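Peer 1: Put chain B on the given structure of chain A with help from the hints.
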Amino acid sequence: MDLRLTEAQEILKKAARDFLTTECPKTLIRELEKSEKGYSPELWKKMAELGWMGLVIPEAYEGIGYSFFDLTVLLEEVGRNILPGPLIPTIISSFSIIEGGTEEQKKEYLPKISSGDLILTLGLLEAEGSFDASGISLKAVAKGEDFTLNGTKLFVEMAHVADYIICVTRTKDGTSPDKGITLFLVDAKSPGIKHTVIPTIGADKLCEVRFENVTVPKKNMLGKLDAGWPIVEMVLRKGAVAKCAESVGAMQTCVEMTVAYSKERVQYERPIGAFQALQHLMANMWTSMQTGRYLVYQAAWLESEGQPSAKEVSLAKAYINEVYKDVAQWAIRLHGGIATSYDHDIPLYYRRSLAASTSFGGTDYHRELVAEKIGLK
Amino acid sequence: MDFELTTEEKAHRKDFFDFCKELERKKPASFVGMEAVFEIDECWEFHRYCVSEFAKKGWLSLAWPAEYGGSGTMMDKVLFAEARGYHGIPGVDIFGIEMLAPTLLQAASESIKKEFLPPIARGEVMWCELWSEPNAGSDLATLSTTAIKKGDEYIINGQKTWNTGAHRADWGFGVFKTDPAGRKHHNITFLLLDMKTPGITVRPIPYINGDAPFAEVYLDDVHVPAKNIVGQENEGWAIVNLLAGFERSGIAEIMGMYRELEELVEFCNKTKRNGKPLSKDPLIRNRVAELACDLEAAKAIAYRIADLQNRNEMALMDAAAAKIFYSELGKRFAFVSTDIAGPYGQVKYSPWAPVHGSWEKKFQECFVSIISMGTNEIQRNIIAWYGLGLPRMK
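Protein chains in written order, with this note's numbering: chain A, 1 to 377; chain B, 1001 to 1394.
Hints are computed from structural coordinates only; laboratory data are not their basis. This structure is a prediction, so every number in the text was calculated from the model and none was measured. All C-beta atoms, glycine included, are put in the ideal place defined by N, C-alpha and C. Check each hint, because a few of them may be wrong.
[Stated by the list, open to error] If the Cβ cut is set under 7 angstroms, some of the chain A residues that face chain B in the computed set are:
no. : residue
1   : P41
2   : L43
3   : A277
4   : Q279
5   : H280
6   : T287
7   : Y294
8   : Q298
9   : W301
10  : I332
11  : A371
12  : I374
13  : L376
14  : K377
[Claimed, not checked] Think about it this way: if two alpha-carbon atoms lie no more than 35 angstroms apart in a straight line, the pair counts; the simulated DSBU-like pairs of lysine-lysine are:
no. : chain 1 : residue 1 : chain 2 : residue 2
15  : B       : K1184     : A       : K13
16  : B       : K1014     : B       : K1057
17  : B       : K1280     : A       : K311
18  : A       : K373      : B       : K1394
19  : A       : K373      : B       : K1014
20  : B       : K1027     : B       : K1270
21  : B       : K1331     : A       : K325
22  : B       : K1150     : A       : K311
23  : A       : K13       : A       : K107
24  : A       : K219      : A       : K172
25  : B       : K1113     : A       : K325
26  : B       : K1150     : B       : K1014
27  : A       : K179      : B       : K1280
28  : A       : K45       : A       : K34
29  : A       : K263      : B       : K1149
30  : B       : K1150     : B       : K1184
31  : A       : K311      : B       : K1272
32  : A       : K311      : B       : K1331
33  : B       : K1227     : B       : K1280
34  : A       : K325      : B       : K1014
35  : B       : K1026     : A       : K377
36  : B       : K1113     : A       : K373
37  : A       : K112      : A       : K13
38  : A       : K373      : B       : K1184
39  : A       : K377      : B       : K1021
40  : B       : K1113     : A       : K311
Looking at chain A on its own, in the form it has when it is part of the complex (with noise of 0.2 angstroms):
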């Protein structure tokens, strides 16, 4: 056991942070979020060149080749700075292909997502809002070298500047929800897509995308016809950690800024981070951050290393949902009335906590899986 990072994951750390820094300071956040785009091309190209995008695809395919740990450890830093943008949604959508696809469709698409020139995203939830298999009911139809696709996605990130939305259809109505998935790769550009982006909190750009026989060629299909769903499952677990590990970066944030604000702050001719009273909620807040952290680190370790998984990871996700929200909201509660502000930093982070915790699966959803583990009959 050595729970300690390696020194080329503290490289990669910092050199996150000096980048993300210098590169995406909050005004540019706060610009995005008001813009069409909702991110900067300008930074995307710098991220490809820092070999992000690539950063968990092998080197086979011109990627980097680290782990998915690795990831873990530059997401954390993304998280502590937010970063708006394709980046979570394209890098988890690839595992699709690096775990999921051809020897063919590995050597299409992944060297070009490495290069920051593909744009992905998931297309999974639909009107029900379900993360389960019988939530899907887009309807994926053979029609001679192609299938026709019907139906609507909800909630995908980044759709409207996407070029390849991985699209989660039903293909065959069965006794069991979760046979009869299929995987697609589809070109965001196709006729019959239509998306919209829906005001969310986070500005972070869901779209409503309604596929009106929408034409994929049969070589777009991701992993095995009716059997899909197992790479879901993958992907899903993948994001789940991913947005964990951008919680506890958020978190760490979060804290240090209340304690530096609590100590310039004056108030009875001292320091407000003098007063018991509030220094009890920080030392919660950092407990809160701390424990969160080492949960996660477990979880994406167990995921990195290709052990199951499963379990921990909804531990941490039903674990992390729920403490980010609470350190975020005390950390504008410690600063008062100024945080509440909409140019204050902090609340860009209390309104991505909400943001994070209905991504990848919410707490309930989370619980009802470890629930199953742990025995509950």
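Peer 2: Just chain B now, kept in the frame of chain A:
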């Protein structure tokens, strides 16, 4: 980053678990909750039996230097604690082994080490802690029990309280005012004393459940050899800090809660209410799963502490956070379990009691770990002052 144990550690872990599992079969039925050791005679006997068994294995001196009879690593010590915690096995005197031994190893003279460490390793001497007083709790340095030097002895007068197991212990380590006129923190001395010394009166204190895990200790002209000192005269506060600084990960308590979680799941699976098992109730599933999440978080930070200790690094802030977290989780386990059990949650020592009445017991006993070893409020001060660098209270 690597959460994997080495092949050797895995083998040791298995040895510890197998041995504790065997011991569990011999546990008296009255043994419910760890404080039972001090409360019930046959549980104290069982504790002593486990102590002697562990001593034979050399497990009471894990991670000590070989010259004092030690073997194994810090990691072994953690894995041993996991096994004891999960199987609810006593046999490790927390005062002698967890607190005093590492303190002596670091701060005592060679003659004190030679005299006191071997009997601890052999499991022959049980210790208690003589720290708190009626008017000195969290602010321990205001203590008023005096130890006045006369020739080659100290003469102790005063009263100590909340002394866990003092009515069972052979020896005690304590702090006493040796220079009543001296300035705070530089007038205290750390001494070791035989609890059978004339002038010592020990009275058990009934805890909220009527049992007696603690005692109060009256010291009336108690003569202690001056050689029984740890550190320097009037500089005992440094020893207090040293001892308090042997951060505990809480892994034994945490593993105990893993066992409680299994028992709670089993109870929910087999207990029917309104015609269906409790385990089918989505609200109950949610509450139990929430406990499981928090428990895993507690274990994760405990491993973080173990990992730091294994490299002899400081874990002050993490240890404070872990202590707050696992002790308050213990309270929530008690609250949730007793609530899920409905009217049965309140039952003790009876066929009607779920899981031998351990939930009712924990509902009352949970304060022990919340308040002792630095209250959780003191732990929050530690995080705020030493970790976050916030201004210290004067």
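Peer 1: Now, for every hint given, state plainly whether the structure supports it.
Peer 2: Verification of the hints:
1. With its C-beta approaching chain B no nearer than about 33 angstroms, P41 of chain A sits outside the 7 angstroms limit, and its interface hint is violated.
2. Checking L43 of chain A against chain B by beta carbon gives a least distance of about 28 angstroms; that is not within 7 angstroms, so the hint is violated.
3. Taking 7 angstroms as the C-beta contact cut-off toward chain B, the hint placing A277 of chain A at the interface is violated, the least distance being around 11 angstroms.
4. At a threshold of 7 angstroms, the smallest CB-CB gap from Q279 of chain A to chain B is about 4 angstroms, leaving the interface hint in force.
5. The criterion of a C-beta within 7 angstroms of any C-beta in chain B is met by H280 of chain A, whose closest approach is roughly 4 angstroms, and the hint holds.
6. With a least beta-carbon distance of about 4 angstroms to chain B, the hint placing T287 of chain A at the interface is held under the 7 angstroms criterion.
7. About 4 angstroms separates the beta-carbon of Y294 of chain A from the nearest beta-carbon of chain B, less than 7 angstroms, and the hint is met.
8. A least Cβ separation of about 5 angstroms between Q298 of chain A and chain B falls short of the 7 angstroms threshold, and the interface hint therefore holds.
9. Satisfaction of the interface hint for W301 of chain A is found here, the shortest Cβ-Cβ separation to chain B being roughly 5 angstroms, below the 7 angstroms cut-off.
10. Against a cut-off of 7 angstroms between C-beta atoms, the interface hint on I332 of chain A is violated, since the closest Cβ of chain B lies about 18 angstroms away.
11. Against a cut-off of 7 angstroms between C-beta atoms, the interface hint on A371 of chain A holds, since the closest Cβ of chain B lies about 4 angstroms away.
12. Checking I374 of chain A against chain B: minimum C-beta separation of about 5 angstroms stays under 7 angstroms; hint holds.
13. Checking L376 of chain A against chain B: minimum C-beta separation of about 4 angstroms stays under 7 angstroms; hint holds.
14. With a cut of 7 angstroms, the hint placing K377 of chain A at the interface with chain B holds, because the nearest CB-to-CB distance is about 5 angstroms.
15. A threshold of 35 angstroms between alpha carbons decides the hint, and for K1184 of chain B with K13 of chain A the separation of about 45 angstroms lies outside it, so the pair is violated.
16. A C-alpha spacing of about 14 angstroms is found between K1014 of chain B and K1057 of chain B, which places the hinted pair at or below 35 angstroms, so the restraint holds.
17. Proximity of K1280 of chain B to K311 of chain A is assessed by CA-CA distance (about 19 angstroms); at most 35 angstroms being required, the pair is judged to hold.
18. A hinted pair counts as satisfied when its Cα atoms are at most 35 angstroms apart, and K373 of chain A with K1394 of chain B does not qualify at roughly 49 angstroms.
19. Of the pairs offered as hints, the one joining K373 of chain A and K1014 of chain B holds, with about 23 angstroms between alpha carbons and a cut-off of 35 angstroms not exceeded.
20. The hinted pair formed by K1027 of chain B and K1270 of chain B meets the criterion: a straight-line CA distance of about 25 angstroms does not exceed 35 angstroms.
21. At roughly 23 angstroms between alpha-carbon atoms, K1331 of chain B and K325 of chain A fall within 35 angstroms of each other, so this suggested pair holds.
22. Taken as a hint, the K1150 of chain B and K311 of chain A pair is broken in the structure, with Cα atoms around 64 angstroms apart against an allowance of 35 angstroms.
23. Restraint check: the Cα-Cα separation between K13 of chain A and K107 of chain A comes to about 29 angstroms, which is no more than 35 angstroms; the hinted pair holds.
24. Our distance criterion of 35 angstroms between C-alpha atoms is met by K219 of chain A and K172 of chain A, whose separation comes to about 19 angstroms.
25. Restraint check for K1113 of chain B and K325 of chain A: not satisfied, since their Cα atoms lie roughly 51 angstroms apart, outside the 35 angstroms limit.
26. A C-alpha spacing of about 53 angstroms is found between K1150 of chain B and K1014 of chain B, which places the hinted pair above 35 angstroms, so the restraint is violated.
27. Annotation: proposed proximity of K179 of chain A to K1280 of chain B holds, straight-line Cα distance about 25 angstroms (limit 35 angstroms).
28. Distance restraint check for K45 of chain A and K34 of chain A: the Cα-Cα separation of roughly 21 angstroms lies within the 35 angstroms cut-off, and the hinted pair is therefore satisfied.
29. Of the pairs offered as hints, the one joining K263 of chain A and K1149 of chain B is violated, with about 46 angstroms between alpha carbons and a cut-off of 35 angstroms exceeded.
30. Taking the CA atoms of K1150 of chain B and K1184 of chain B, the gap is about 22 angstroms. The hint holds against a cut of 35 angstroms.
31. This hinted pair checks out: K311 of chain A and K1272 of chain B have alpha carbons roughly 26 angstroms apart, not beyond 35 angstroms.
32. A hinted pair counts as satisfied when its Cα atoms are at most 35 angstroms apart, and K311 of chain A with K1331 of chain B qualifies at roughly 24 angstroms.
33. The straight-line distance between the Cα atoms of K1227 of chain B and K1280 of chain B is roughly 65 angstroms, outside the 35 angstroms bound, and the hint therefore fails.
34. Among the hinted pairs, K325 of chain A with K1014 of chain B is inconsistent with the structure: their alpha-carbon atoms are about 40 angstroms apart, more than 35 angstroms.
35. Straight-line distance between C-alpha atoms of K1026 of chain B and K377 of chain A comes to about 31 angstroms, which keeps the hinted pair within the 35 angstroms bound.
36. Proximity of K1113 of chain B to K373 of chain A is assessed by CA-CA distance (about 49 angstroms); at most 35 angstroms being required, the pair is judged violated.
37. The suggested pairing of K112 of chain A with K13 of chain A holds, with an alpha-carbon distance near 24 angstroms, which does not exceed 35 angstroms.
38. With a C-alpha separation of about 54 angstroms, the suggested pair K373 of chain A and K1184 of chain B falls outside the 35 angstroms cut-off, and the hint is violated.
39. Between K377 of chain A and K1021 of chain B the alpha-carbon distance is near 26 angstroms, which keeps this suggested pair within the 35 angstroms criterion.
40. The straight-line distance between the Cα atoms of K1113 of chain B and K311 of chain A is roughly 47 angstroms, outside the 35 angstroms bound, and the hint therefore fails.
The structure fails to meet hints 1, 2, 3, 10, 15, 18, 22, 25, 26, 29, 33, 34, 36, 38, 40 from the earlier list, while all remaining hints are met.
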